[in-house]
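S.K.: So the sequence lines, in the order shown, correspond to chains A and B.
Mapping of the first sequence onto our numbering: residues 42 to 360, in sequence order.
Mapping of the second sequence onto our numbering: residues 42 to 360, in sequence order.
Be a bit skeptical, because a hint or two may be false.
Same chains, same label: a pair holds when it works inside one copy or across any pair of copies.
Under the rule of at most 16 Å between Cα atoms (straight-line distance), these lysine to aspartate or glutamate pairs were calculated in the EDC-like manner [to be verified]: (1) K296 - D343; (2) K323 - E182; (3) K239 - D354; (4) K323 - D354; (5) K349 - D238; (6) K225 - D274; (7) K323 - D238; (8) K256 - D102.
Don't read these hints as lab results, they were simulated from the structure.
2 protein chains.
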Amino acid sequence: MKEKILEYLNKGHDYLSGDQISGHLGISRQALWKHIQDLKDSGYDIVAVPHLGYRLESRPDRLFAFEVSRGLNTRFIGKKIHYFDYLSSTMDLAMQLGMRGAPAGSLVLTESQTKGRGRLGRIWFSPKYKGIYLSLILRPEILPQASPVLTLLSAVSICEAVKKVTGLEPQIKWPNDVLIHNKKIAGILTEMNAEADKVNFVAIGIGLNVNNDKKSLISQATSLKEQAGTQIDRLLLLQELLRRLENNYLLLGDKGAKAIIEKWRSLSLTLGRHVKVYYQHKHIEGAAVNIDEDGTLLIRKDSGIIQKVSSGDVVHCRQ
Amino acid sequence: MKEKILEYLNKGHDYLSGDQISGHLGISRQALWKHIQDLKDSGYDIVAVPHLGYRLESRPDRLFAFEVSRGLNTRFIGKKIHYFDYLSSTMDLAMQLGMRGAPAGSLVLTESQTKGRGRLGRIWFSPKYKGIYLSLILRPEILPQASPVLTLLSAVSICEAVKKVTGLEPQIKWPNDVLIHNKKIAGILTEMNAEADKVNFVAIGIGLNVNNDKKSLISQATSLKEQAGTQIDRLLLLQELLRRLENNYLLLGDKGAKAIIEKWRSLSLTLGRHVKVYYQHKHIEGAAVNIDEDGTLLIRKDSGIIQKVSSGDVVHCRQ
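With the hints as extra help, turn the sequences into a complete structure.
M.R.: Put into structure tokens, the structure is as follows:
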């Protein structure tokens, strides 16, 4: 009902009397008044003027599920949204929901995380109302070894959405760091629940620094606000991100990993660079010449030998 | 305390007076009487004769955690046992426990399952007190694509334990069916929770038909009792299985997958046979010539071309 009230107020864009609204929606004046109070408590600025009625002045900077759904127009991503003011970690909940059979496209969304997780157990700093913190449940019909393409797909989707909404042009450091001017704006963590020959489900976790202030960021990190010099509409950005994720996921199903890899290559900050890759207590140095369709990075060492690396941390060396 | 009472009764092997027992264990006669009643309720046949005392006549056919632990002598497998009279599925619980940080070697054990799961969502029939139904949590430092070796390792361990305890000689149909005389006695399901470059944990599920009666088995299945012609001690077999699993797991860490694959080959019913492998709505036919160190089956087709299959269902053709 609250969504309907907002929808109706939004349409009018002018004062609407209590009688008009309650008549239109078939509820009592008393019930309407109660809903309006709840909305105001949630941060909706609704003014009430005697003899004129109600008017919606502004919406709060919140990612409420019904706001995300409004005008989203996706086929399956975000059809079910689990929204929280805070969570320990969207990944923990998403993995739980996945095990309980949550449908593909289910979204876990939170305004802050107390224990946001990154790759290999690292922490993702998730201050309240500043970023976008989500986990998306997917049920792709792929083998476990094909799962890295989903991380690449997510990085591509973030770049596309950020560019569309802000005009900024992020790039990707292999495998899954999204950077602007060599500073990190987003991290991606893909976890799966799988048998040897079947992925049961994956949860893709995305942490995106949107309106973080410079002083709250570590030196290797940045936010879209810092880069764009202006506050960014998190809701618009989130919706665009969900659309891009869906489009790219459908593209993957349609055209295969190749189509995603092509997009990834064009956004890559790593390919063509001299890099060091640290993995499993070892490291390898050389030119990053390409990535495979399974997301593996190909490094040409000084000896000319080409070595494959399926995971690790990349350092881009100065040339 | 119940374990201590059993231990003490077991040592004596003759009548022990209530005073002796309660004195030895530092409990009251009243408390002892209560514990003895509980043990009798659990199926322990303890006779009480006036002026003589208590004697343990027999233990019940149950896999109580403290019975499994007694004399197990493993380093880490089974140090923590979660035992249930029935469960929907040991895998579901093990995956939950894994997410909550259960240590490597934690064991979920049940006397029956209402929804025992096999590979690809198939059902594992788990009648009460007839089989061994367990899930083992491991935290191997491997990449997700290396996980199939754990399934092979489990199949090898089952064969070794069954041979040691019953004298029967099971063989393995690729990848993970354990057969005697071409009928299935055990199934293995390995599920993992993983990132692209790190396995967080795996749960290895094992269902083993031990004392199932012929009439309760489908035609492609058999039980150790049916094959051996005698009731099998489930407890001894389970303990041996846990020891073999641990030994082989330590061997894997020590010598690598090669050592496991060698054992697997010697137990294989598939290698050298003409087979059909059904996988992902396709099938391939040819000679099963070898398996790789990552568990991949190599099929030589009539054309001479060798094709790799990483998962599927094998049908052994008559030659």
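S.K.: Hint by hint, which ones does this structure get wrong, listed from lowest number up?
M.R.: Violated hints: 1, 6 and 8; rest satisfied.
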